[in-house]
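Chain by chain, the residues run as shown.
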Amino acid sequence: MHRDHDINVHEVTRVEGHGNIVINVRKGRVEELRLEIIESPRFFEAMLRGRRYDEAQHIMSRICGICAVSHTSASVKAVESATGMRISKRARLLRELAFCGETLQSHILHLYFLVLPDFFSVGSIVPLIKSHPEIAKMGLGLKKLANEICRIVGGRHVHPISIFPGGVVHVPKPRELKDLKKALTGSFERLERTIELFEGFEVPDFEGSREFISLRAAKGYPFYEGDPFSSMDASIGQESYTKRIKEYTVPHSTAKHARTSHGTFMVGALARFNNNHRRLHPRARKAAKRLLLEPGCSNPFMNNQAQLVECIHLTEEAISLIDRLLDMGLAAERPARPRRFGRGIGLVEAPRGTLYHEYRINRDGLIEEVNCIIPTAQNLRSIERDLGEFVVTILDRPRDEITRSVESLVRAYDPCISCSTHIMDVKFV
Amino acid sequence: MVLNCEDEFPDLVKLVDIVNFREAMSEKSDDYDVAFVEGSISRREEIKKLKEIRKRASTVIALGACSSTGGLNCLRNRFPVEEAKRIVYGKDAAVRKIKDTIRARPIDSVIEVDHYIHGCPITKEEFLSTLKALLLGKTPEVPNHPVCVDCKMAGNICVFERGATCMGPVTRAGCNAICITYGSICWGCRGTVDDPNVDAHEETLRRYGLTADSVTRSLDLYGGCTVRKKTGRGD
Chain A
1 MHRDHDINVH EVTRVEGHGN IVINVRKGRV EELRLEIIES PRFFEAMLRG
51 RRYDEAQHIM SRICGICAVS HTSASVKAVE SATGMRISKR ARLLRELAFC
101 GETLQSHILH LYFLVLPDFF SVGSIVPLIK SHPEIAKMGL GLKKLANEIC
151 RIVGGRHVHP ISIFPGGVVH VPKPRELKDL KKALTGSFER LERTIELFEG
201 FEVPDFEGSR EFISLRAAKG YPFYEGDPFS SMDASIGQES YTKRIKEYTV
251 PHSTAKHART SHGTFMVGAL ARFNNNHRRL HPRARKAAKR LLLEPGCSNP
301 FMNNQAQLVE CIHLTEEAIS LIDRLLDMGL AAERPARPRR FGRGIGLVEA
351 PRGTLYHEYR INRDGLIEEV NCIIPTAQNL RSIERDLGEF VVTILDRPRD
401 EITRSVESLV RAYDPCISCS THIMDVKFV
Chain B
1001 MVLNCEDEFP DLVKLVDIVN FREAMSEKSD DYDVAFVEGS ISRREEIKKL
1051 KEIRKRASTV IALGACSSTG GLNCLRNRFP VEEAKRIVYG KDAAVRKIKD
1101 TIRARPIDSV IEVDHYIHGC PITKEEFLST LKALLLGKTP EVPNHPVCVD
1151 CKMAGNICVF ERGATCMGPV TRAGCNAICI TYGSICWGCR GTVDDPNVDA
1201 HEETLRRYGL TADSVTRSLD LYGGCTVRKK TGRGD
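Those sequence lines, one after another, are chains A and B. For the first sequence, our numbering gives the first residue as 1, with consecutive numbering after it. For the second sequence, our numbering gives the first residue as 1001, with consecutive numbering after it.
One chain only, chain A, in its complex shape (with noise of 0.2 Å):
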């Protein structure tokens, strides 16, 4: 049996931004381990400093091209507290059925193009572009109706247009909506054969107790709207927030890491599951029985399947969300004016996990100061311990396979190490 192992995954693939695992077991002990983040500092904080109120939207939407209609609403939502502006139910219903199309997009990116490379052992989707031309094409087809979602209410598929503070500055046309039900009530045929599929993938066996933090709300399963709650202790409060999780930095890592008091927690599609799956659609329940999801879940791994869940109860959601603005009639309206400028928080639950912004915005409509707490930062430590965990579960095996086996854990995280300097380079042939 191999004892020493020394593992170098430099740039991590098919997850979103730089990352490196070095790994390093002698005789069967893990000696070192770390997850680099090496994507660049990135300085939101500071760029938004300075700004009008109105301005922060704009600026915060490019946090992130995949998950945009999260940051975009973490700030409207915070702006909207801190100077009293009241949004109307249309404009809420508005954001939270951009929100599906954005979870669902962000879903189906991952489960798709990030994670369906590994059962089929391949190093992307394009070789099953060739091989599988069916699977690739439920995969591209459920990703450009998720894209459509956002483009109908926000303008586009990335950076929403017309999400605003004090509301929304665009209402989509009642057709556009209606054909839009169409086509989702149509797509739980293909929602189907992706639970088929992933039935027959293999998940490691790997478990460890942890805490799962993520929104609830009073009522429905929390995308857009609730207050953070933790498997461990309940109810945590909004202002508490910044109180339970604490955010350091590591020297190997240009992304702040997070801790509660409890240590390592998750954020993500498997905790919002273990905290709300009573929420979930019935048909999104059934789904998880088929693929073997129960509520207390802890393996990591599961993430994958906890998201494929969701898909099935935000397409059941995007429904009920249409027929809703439907019946209410879609008059444009104006945003709500500011009544006062003072401290406020926005809390939502992006595809990965909660997002926290907070602004103070001083007399004049200009923010002062800034404080983000983004899902990857929250999850890294929680890589981090799971990957040593892990991989002494696995050190019999053939180094490639460990090497591709910590890939997929790391993967299974869905994390987003949004990147300053990507590159795609291309060969013509």
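The hints are simulated quantities; they were obtained by calculation from the structure and are not laboratory data. Note that beta-carbon positions come from the ideal geometry of N, C-alpha and C, so glycine has one too. Take the hints with a grain of salt, since some may be wrong.
[Stated by the list, open to error] Simulated pairs of lysine to aspartate or glutamate, DMTMM-like, Cα-Cα distance not exceeding 25 Å:
(1) Lys178/A - Asp1007/B
(2) Lys144/A - Asp1017/B
(3) Lys1028/B - Glu196/A
(4) Lys137/A - Asp1017/B
(5) Lys1049/B - Glu11/A
(6) Lys130/A - Asp1007/B
(7) Lys1014/B - Asp118/A
(8) Lys1099/B - Glu369/A
(9) Lys137/A - Glu1046/B
(10) Lys182/A - Glu1006/B
(11) Lys1028/B - Glu407/A
(12) Lys1049/B - Glu36/A
(13) Lys1048/B - Glu11/A
(14) Lys178/A - Glu1006/B
(15) Lys137/A - Asp1011/B
(16) Lys1028/B - Glu1046/B
(17) Lys1152/B - Glu333/A
(18) Lys1048/B - Glu36/A
(19) Lys89/A - Glu36/A
(20) Lys130/A - Asp1017/B
(21) Lys1028/B - Glu401/A
(22) Lys181/A - Glu196/A
(23) Lys1099/B - Glu36/A
(24) Lys1055/B - Glu11/A
(25) Lys137/A - Glu1125/B
(26) Lys144/A - Glu1006/B
(27) Lys1124/B - Glu134/A
[Unchecked claim] Sample of chain A residues with no beta-carbon within 10 Å of chain B, all distances over it, derived:
(28) Asp4
(29) His18
(30) Glu199
(31) Lys219
(32) Met232
(33) Ser240
(34) Arg259
(35) Ile319
(36) Pro338
(37) Val391
(38) Val392
Please arrange chain B on chain A, whose structure you already have, making use of the hints.
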């Protein structure tokens, strides 16, 4: 955005070999003809990496606002680098990986760039038309007229008439004025046209009762790194 070309992606991979796309692929190769570079320069080590890419690729394309104009990243240049580090990282700003940070800048400040795909986000139409032009051996075309022209064609009511500030008069077109069509303003994400008439823009802003401060403010949202070069103003 590249992965959002759902309909075109299967055909695209038939025409070109994507040899290095770390976000979506495990296979890596440094043998390539065309390099798309995203993001602005933020650390010294990136300059080295970029020069390496320039040496290998016969064509380098700046993809998106951060890469082509420095984008929103240049907003942090309003603060000295040390202060920006302190704002975000506090006493931990001395950590080596953060220490290497320099003022944000577009990639053409360091290497020669052959083509630009502007905007934040880029449009997939422009990405695909650039790729098509390259495949046909043509030079991709970049619009050099202001967004106002697109906006008129889209049939929008002028943002200034609504009492808001708009960067449309000086911003490079090519987006069909989508932000204004969807109820917002032009933020200037595509950078200015080659020869922006900033004086006329300023006069427009004044005519509608907007202050000099709002002029500078709207210019440096996306123009922090480039407007000074073109007009002697900005950051």
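Results of checking the hints against the structure:
A distance of roughly 22 Å separates the Cα atoms of Lys178/A and Asp1007/B; the hinted pair therefore holds under the 25 Å criterion. For the proposed pair Lys144/A and Asp1017/B, the alpha carbon gap of about 23 Å is at most 25 Å, so the pair holds. At roughly 31 Å between alpha-carbon atoms, Lys1028/B and Glu196/A are farther apart than 25 Å, so this suggested pair is violated. A threshold of 25 Å between alpha carbons decides the hint, and for Lys137/A with Asp1017/B the separation of about 19 Å falls inside it, so the pair holds.
Straight-line distance between C-alpha atoms of Lys1049/B and Glu11/A comes to about 14 Å, which keeps the hinted pair within the 25 Å bound. For the given pair, Lys130/A sits about 15 Å from Asp1007/B by alpha-carbon distance, which is consistent with the 25 Å threshold. About 22 Å separates the Cα atoms of Lys1014/B and Asp118/A, which keeps this hinted pair within 25 Å; it holds. Distance check on the hinted pair: Lys1099/B and Glu369/A sit about 22 Å apart at the alpha-carbon level, within 25 Å; holds.
For the suggested pair Lys137/A and Glu1046/B, the alpha carbons sit about 36 Å apart, so the restraint of at most 25 Å is broken. For the hint pairing Lys182/A with Glu1006/B, the CA-to-CA distance comes to about 20 Å; that is within 25 Å, so the pair holds. A threshold of 25 Å between alpha carbons decides the hint, and for Lys1028/B with Glu407/A the separation of about 16 Å falls inside it, so the pair holds. A distance of roughly 18 Å separates the Cα atoms of Lys1049/B and Glu36/A; the hinted pair therefore holds under the 25 Å criterion.
Simply put, Lys1048/B and Glu11/A have alpha-carbon atoms about 17 Å apart, close enough for the 25 Å limit, and the pair holds. Taking the CA atoms of Lys178/A and Glu1006/B, the gap is about 22 Å. The hint holds against a cut of 25 Å. About 12 Å separates the Cα atoms of Lys137/A and Asp1011/B, which keeps this hinted pair within 25 Å; it holds. For a cut-off of 25 Å, the pair hint linking Lys1028/B to Glu1046/B stands: about 19 Å separates their Cα positions.
Proximity of Lys1152/B to Glu333/A is assessed by CA-CA distance (about 23 Å); at most 25 Å being required, the pair is judged to hold. Pair hint Lys1048/B plus Glu36/A holds up; C-alpha atoms about 20 Å apart against a cutoff of 25 Å. Distance restraint check for Lys89/A and Glu36/A: the Cα-Cα separation of roughly 44 Å exceeds the 25 Å cut-off, and the hinted pair is therefore not satisfied. Using a Cα cut-off of 25 Å, the hinted pair Lys130/A and Asp1017/B holds, with the two alpha carbons roughly 14 Å apart.
Only pairs whose Cα atoms come within 25 Å are accepted, and Lys1028/B paired with Glu401/A is accepted, the gap being roughly 18 Å. Restraint check for Lys181/A and Glu196/A: the C-alpha separation of about 24 Å stays at or below 25 Å, so the hint holds. Of the supplied pair hints, the one linking Lys1099/B and Glu36/A holds, its CA atoms being roughly 16 Å apart against a limit of 25 Å. Distance check on the hinted pair: Lys1055/B and Glu11/A sit about 21 Å apart at the alpha-carbon level, within 25 Å; holds.
Straight-line distance between C-alpha atoms of Lys137/A and Glu1125/B comes to about 21 Å, which keeps the hinted pair within the 25 Å bound. Taking the CA atoms of Lys144/A and Glu1006/B, the gap is near 6 Å; set against the 25 Å cutoff, the hint holds. About 24 Å separates the Cα atoms of Lys1124/B and Glu134/A, which keeps this hinted pair within 25 Å; it holds. No beta-carbon of chain B is positioned within 10 Å of the beta-carbon of Asp4/A; the least distance is around 25 Å.
Its beta-carbon lying about 8 Å from the closest one in chain B, His18/A breaks the requirement of being farther than 10 Å from that chain. No beta-carbon of chain B comes within 10 Å of the beta-carbon of Glu199/A; the shortest separation is about 24 Å. At the 10 Å boundary, the C-beta of Lys219/A stays outside the reach of chain B, the nearest C-beta of that chain being 30 Å off. Separation of Met232/A from chain B is adequate, the least Cβ-Cβ distance of about 28 Å exceeding the 10 Å criterion.
At the 10 Å boundary, the C-beta of Ser240/A stays outside the reach of chain B, the nearest C-beta of that chain being 21 Å off. Non-interface call for Arg259/A relative to chain B: holds, since the shortest CB-CB distance, roughly 15 Å, exceeds 10 Å. Taking the minimum C-beta to C-beta distance to chain B, about 21 Å, the non-interface status of Ile319/A holds against the 10 Å cut. Consistency note on Pro338/A: stated as away from chain B, and its beta-carbon is indeed over 10 Å from all of that chain's, at 15 Å minimum.
The Cβ of Val391/A sits about 19 Å from the closest Cβ of chain B, beyond the 10 Å cut-off, so the non-interface label holds. Here Val392/A stays apart from chain B, with its beta-carbon at least about 24 Å from theirs, past the 10 Å limit.
Checked against the numbered hints given earlier, this structure breaks hints 3, 9, 19, 29; the rest are met.
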